[in-house]
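Student: Take a look at the letters that make up each chain.
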Amino acid sequence: MAQLEQQQDPIYRTSPERTYKMMAIMLGICIVGGGIFFGLWDFWTSMPPEIMGQDAEDHGAAPATASGVEIPVSLSFVESSDFRTLAFNALPGEAGNNPTIMANVGDKIVFDVINDGVSFHAFGVTAEEEGFEGIFPGSEIASATSPLKAGEGGTSEFIPTEPGTYYYICTVPGHRMQGMVGEIIVGEAGTSAQAAAPTGVNHDFVLDFVESSDFRTLAFNALPGEEGSNPEIRVKSGDQVTVTATNAGVSFHAFGVVSNPDDFNSVIFDSAINSASNPLKAGESGSVTFLAGAPGTYYYICTVPGHALQGMQGSFIVE
Amino acid sequence: MVSGNMSGNHSTWPEWVYVGVVVALLCYVGAEAWNIERIVEHVPADAEIIKVTGQQWLWTFEHEDGTKEIGELHLEKGKAYKFEITSKDVVHSFNIHDYVVLLDAVPGRINTVWFSPNEAGEFPIQCREYCGLIHYNMRGTLYVENGA
Amino acid sequence: MVLELQRPRPIWQIMFSTHHTDIGLLYLITSLAFMFMGGALALILRLELFAPGTQVIADSMTYNRIFTVHGTTLIFLFILPSASAFGNYLVPIMVRFKDMAYPKLNAIAFWMIPPAGALIWLGFADFTWYAYPTYSTISAPGPAADMWIFGLKILGVSSILGSINFVVTIMKCKHPDLPLSKLPLLAWAYLTSSLITIVAVPTFAAALLMLLTDRLGASGFFNPTLGGDPIAYQHLFWFTFHPEVYILVIPAIGFMYEIFPRFSRKPIFSHSSGVAAFTLLAIVGFASWAHHMYATGMSFTEKTVFMVGTLAAVPASAMHTFNFLATMWGGRIKFATPIMWAVGGIALFFSAGAGGVVNSAMPLDFITHDSYWVVGHFHLFVMGTILFGTVGFVYYFFPYVTGRMYNEMWGKIHFILSFVGTVMVFFTQHILGLFGMPRRIYDYPPIPEWVQMNIIITVGAMIIGISMAIFLVNLIYSSAKGKPANMDDPFGLGGKYYFPYKAKNPHH
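Order-wise, the sequence lines are chains A, B and C.
Residues are numbered in our numbering as their position in the first sequence, beginning at 1, plus a constant of 5.
Residues are numbered in our numbering as their position in the second sequence, beginning at 1, plus a constant of 15.
Residues are numbered in our numbering as their position in the third sequence, beginning at 1, plus a constant of 104.
Check before you lean on any hint, since a few could be wrong.
Unchecked claim - Only pairs whose alpha carbons sit at most 25 angstroms apart, straight line, appear in this in silico DSS-like list of lysine-lysine: (1) A:K154 to B:K83; (2) A:K241 to A:K113; (3) B:K66 to A:K154; (4) C:K585 to A:K26; (5) C:K587 to A:K26; (6) C:K276 to C:K202; (7) C:K208 to C:K278; (8) B:K92 to B:K66; (9) A:K154 to B:K103; (10) B:K103 to B:K66; (11) B:K103 to B:K83; (12) B:K94 to B:K83; (13) B:K92 to A:K154; (14) C:K286 to C:K276; (15) B:K83 to A:K113; (16) A:K113 to B:K103.
Hint data in this document are derived by calculation from the structure and do not stem from the laboratory.
Take the sequences, apply the hints, and build the full model.
Tutor: Structure follows, in C-alpha cells:
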C-alpha cells in the first residue's frame with residue numbers, strides 16, 4: 006500500500022470562479038427546462054393512451070338515435086349429459102336452440118341469463134366471430150375467472166350502435182366453440198325515428214354542476230330534494246339548443262347528451278362541453294350549441310366517469 | 016488493539032449470540048403471523064355475500080337479494096359478510112380500516128374477504144390503491160345497524 | 105470543482121473526460137442537484153397536506169404528478185447516481201487499478217442520465233413511481249406517461265452498463281497481489297449491488313416495454329379485456345424493485361463501513377462478517393418480492409412463502425448494525441460531522457427494519473398496506489439510512505474533492521435539524537398509517553387525529569427543508585471559499601487513520 010508521500014505537486018483547490026461557472030450552468034438548465042415545461046403546461050397530460058382511442062373505434066360512433074325500444078331476452082345455459090355439447094336454451098336439434106335475436110340500431114336488449122347446467126358459465130356480447138374477447142362493457146354477466154355456478158344467474162344489457170351481426174356467447178374459454186353462441190342481427194334504425202329539419206327555434210338552458218359538501222351527492226343546478234335539481238329538458242326534433250354549464254363545485258366536471266346514461270362515451274348530437282380527460286375545473290364555464298336530433302328519450306350527464314351514477318344526470322327528451 | 020490486517024483478532028461469539036436472538040425473534044413473528052392469518056382467512060359458511068364493484072371513482076354494492084347501493088353499505092351487526100370485490104376499469108383497493116378489511120379490486124378478477132362487524136355505527140370506506148384523479152375522494156360509508 | 109490531478113483545465117474537458125474521477129464527479133453533481141429538486145417537491149406536497157382543503161396545489165392532478173416525480177427522481181436520479189458517483193471515484197483506487205474496466209462505456213452510462221432526467225421532468229407523469237396497470241395503460245394521460253417510460257428505460261440501461269463496469273473492474277482488474285477477501289468493504293458493497301442490478305433490472309426493462317405496447321394497444325399483457333392480468337406487472341415490477349431496495353441501501357452501508365472505523369480510530373469489528381452479510385442479503389433479497397402484493401388476492405400459501413423470504417433477509421441487515429456498533433465500542437471516537445450522520449443513519453436503519461418486520465407479518469400488513477405507515481417505513485430507509493449515509497460520505501469526501509474544508513459547525517447543525525425533522529416526519533407517519541390515512545391522496549377528511557399528525561409532519565418537513573438549504577449553502581460556499589484542508593489528514597484523526605486512498609495521475 007502506497008505510503009504517505011511528500012506533496013511534490015502543487016494542490017489545486019476549487020476556486021470561486023469554478024463554483025460560479027458551475028452554478029450558472031445548473032441554473033441555466035433549470036430555467037430553460039422550466040420555461041419549456043410551464044410554457045407547454047397543458048400539453049404534457051393532454052392525450053389519453055392510444056389504446057383508448059382504439060376502443061372507441063371498435064364500438065363505433067354513438068348512435069344518433071335511441072329508439073326507446075327495449076327487447077327482453079331470457080337465456081339459460083344448457084349442457085348435454087356427456088358435456089360434449091353446450092348451448093343456450095335448448096340443445097342442437099331441439100326447438101329454441103341458440104335463439105337468434107333481431108334488433109335495430111339503438112334498441113336496448115336486456116338479457117336475463119340463468120345457469121341451468123351443472124358446470125360453470127359466464128355471459129357477454131361480442132362482435133368477434135371467434136373466441137371470447139372483445140366483450141362490450143355492460144353486456145357481461147360474471148366472468149371466466151369468477152363464473153356463474155349451477156343455478157346462479159344475472160342480467161345485463163346491450164345497445165348496438167351499428168348494424169351488423171353480433172354474438173352472445175358464454176365467455177368461459179372453449180364454451181363458444183362447443184356451441185354456446187347465438188346471433189344478434191342488427192338492422193338500420195327504423196325510418197320512423199329520423200331527425201326533423203332545423204326548426205329555427207332556439208332554447209337556452211343553464212345547467213350548473215353542484216356537489217354536496219361531502220362529495221357523496223352530485224347533481225345539476227340543485228341537490229336532490231331541492232327545487233330545480235336535475236331539471237327535465239324537453240325540446241322538439243330540429244330545435245337548436247344552447248347549454249351553458251358552470252362548475253359550481255370544487256371537483257372536475259364535463260357535459261354531454263348521451264343515449265345511454267351508463268356510457269359516458271356515448272355522447273351524441275355533438276353536445277359535449279369539455280371531456281373527462283380535459284374537464285372544467287372549479288369555477289370554469291363552458292357552453293355548446295347543437296341541433297336536437299331524432300326523437301327519443303336521451304339523458305344529459307356529467308361525462309366524468311362515475312359522476313352520472315352519483316346523480317349528475319337528467320332527462321333530455323326530444324319530441 | 017491496532018493490528019495490521021483489516022479486522023481485529025478477537026472472538027466473535029457476541030455476534031453469534033446477537034444473530035441467534037434476532038433469528039429466534041423472527042421465527043416467533045413468522046409462526047404467530049402464519050397462525051393468525053390462517054385463522055382469519057377461514058370464511059364462515061353462513062357469510063352473506065356482498066358484491067363490491069370499484070370504478071373510477073366510486074364504490075357500488077349489491078346484496079344477495081339484489082339490492083344495490085352506491086357509496087353506502089348498510090349491514091347488520093353480528094352477521095358475517097363475505098365481500099366479492101372486483102373493478103370495472105383500473106386497480107382500486109377496498110378498505111374499511113376500522114374492521115381491517117383491505118383487498119384490491121382488480122379488473123378481470125374477483126377477490127374475496129370476509130368480516131363480521133361487532134359494533135353499530137358509521138365507518139368510513141376508502142380506496143387504498145392509487146387510481147387517478149379522484150382517488151383521494153373515492154370514499155363511502157359503512158352503516159352497521161343493530162339487527163332486527 | 106475537481107481536485108485537479110493536473111493543472112486546472114476547462115470544464116468542457118472534464119465533461120468529455122473518460123477518467124473515473126471526472127465521471128464520478130459528474131455523477132455526484134447531477135445526483136446532488138436532483139436530490140435538492142426532488143426534495144423541494146416533497147416540501148410542496150407537505151405544504152398542501154398541512155390541513156384539509158386546498159392549500160398551495162390547485163388540483164389533484166398536479167398533486168399526483170408531483171408525488172410521482174418526487175419518488176422517481178429521488179430513487180433513480182439521486183440515490184442510484186450518487187452510489188455510482190462514489191463508486192466510480194473510489195473502486196479503481198480500492199482495487200489498485202488505473203481506471204474502470206471500460207472508461208468510454210462509463211462515460212456513456214453517465215451521459216444517459218441527463219436526457220432521461222429531462223424526459224421525466226418535462227413530462228411529469230402522474231401514475232406513481234410504480235406505474236401499475238391498468239391505470240398506467242388505459243387511464244394515465246400522455247405524452248407524460250410515455251416520456252416517463254422512455255426515461256426509465258434509458259436509466260435502466262445506464263444502471264446495467266455501470267454495473268457491468270463495476271463487476272469487471274473488481275473481479276478482473278484488481279491488482280494481482282490483492283485477494284478478494286482483503287478488499288475494502290466499500291468495494292464489496294459495489295460488487296454485490298452491481299451483481300444484484302445485473303440480475304434484477306432486466307426484468308423491469310421487459311415490464312416497461314410491455315407497458316408501452318399495452319398503452320399503444322399493440323398488446324394486452326396487463327389488459328383483462330384482452331386476456332391479460334394486471335397483477336402480472338406487479339410481480340415483474342417487484343421482482344426487480346425489491347432487490348432494488350438492496351441495491352439502494354448496500355452502497356450507503358458501504359459508506360458507513362468507511363466512516364465508522366476511521367472516525368472510531370479502530371478497525372472494523374469483523375470484515376468477514378460484513379462480506380457474508382452483503383452476500384447473504386444479495387441472494388436472499390430475491391426471495392421476498394411479493395410481500396408488496398399481499399392485498400392483491402394471493403393465496404395463503406403464496407403469502408406465507410414471501411413472508412418467510414422477507415424475514416430471512418433481516419438477519420443480514422442486523423449483522424451490519426452489530427458490526428458498526430461493535431466497531432465503535434471501545435474506540436476513540438472523533439465526533440465530526442460524517443460520523444454523526446452515520447450514527448443517525450444506523451439508528452434510523454434499525455427503526456426502519458423493525459417497522460418492516462411488522463409489515464411482513466401477513467395479518468398486520470392488512471392494517472398498514474398502502475397507508476402512511478408504509479410511507480414512514482420506506483422513508484426511514486431511503487432518507488434515514490441512505491440519505492444520511494450518503495450525506496455523511498459527501499461531507500467526508502468534500503476535502504478530497506475540493507481541497508477545502510466545509511464549515512463544521514453548519515455541518516453539525518444540518519445533521520441535528522435533519523435528524524429531528526426526520527424523526528418528526530417519519531415516525532409520526534407510522535402512527536398516521538395506523539389511524540388509516542391512505543397514501544397518495546391530495547386531500548383528506550377532517551378527522552382530528554389525522555389533522556394533528558399532518559401538522560406535526562409538515563412542520564418536521566419544513567425543518568428538514570431548512571437543514572437542506574443550510575447544506576446547499578455550505579456546499580457551495582465552502583467549495584469556493586472554504587478554508588484550505590490539510591490534505592494528509594483533513595479531519596485530524598491522527599496516526600494511521602487518514603484516508604488512505606489517492607487517485608493515480610490520469611494518463612489522458
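Student: All the hints need checking, so say for each whether the structure fits it.
Tutor: Results of checking the hints against the structure:
For the hint pairing A:K154 with B:K83, the CA-to-CA distance comes to about 21 angstroms; that is within 25 angstroms, so the pair holds. For the hint pairing A:K241 with A:K113, the CA-to-CA distance comes to about 23 angstroms; that is within 25 angstroms, so the pair holds. Proposed proximity of B:K66 and A:K154 is supported: the alpha carbons are some 15 angstroms apart, at most 25 angstroms. A hinted pair counts as satisfied when its Cα atoms are at most 25 angstroms apart, and C:K585 with A:K26 qualifies at roughly 14 angstroms.
With a C-alpha separation of about 20 angstroms, the suggested pairing of C:K587 with A:K26 holds against the 25 angstroms cut-off. Our distance criterion of 25 angstroms between C-alpha atoms is met by C:K276 and C:K202, whose separation comes to about 13 angstroms. For the suggested pair C:K208 and C:K278, the alpha carbons sit about 19 angstroms apart, so the restraint of at most 25 angstroms is met. For the suggested pair B:K92 and B:K66, the alpha carbons sit about 18 angstroms apart, so the restraint of at most 25 angstroms is met.
Restraint check: the Cα-Cα separation between A:K154 and B:K103 comes to about 21 angstroms, which is no more than 25 angstroms; the hinted pair holds. For the proposed pair B:K103 and B:K66, the alpha carbon gap of about 13 angstroms is at most 25 angstroms, so the pair holds. Restraint check for B:K103 and B:K83: satisfied, since their Cα atoms lie roughly 16 angstroms apart, inside the 25 angstroms limit. With a C-alpha separation of about 19 angstroms, the suggested pair B:K94 and B:K83 falls inside the 25 angstroms cut-off, and the hint holds.
For a cut-off of 25 angstroms, the pair hint linking B:K92 to A:K154 is broken: about 29 angstroms separates their Cα positions. Between C:K286 and C:K276 the alpha-carbon distance is near 15 angstroms, which keeps this suggested pair within the 25 angstroms criterion. Pair hint B:K83 plus A:K113 holds up; C-alpha atoms about 21 angstroms apart against a cutoff of 25 angstroms. For the proposed pair A:K113 and B:K103, the alpha carbon gap of about 21 angstroms is at most 25 angstroms, so the pair holds.
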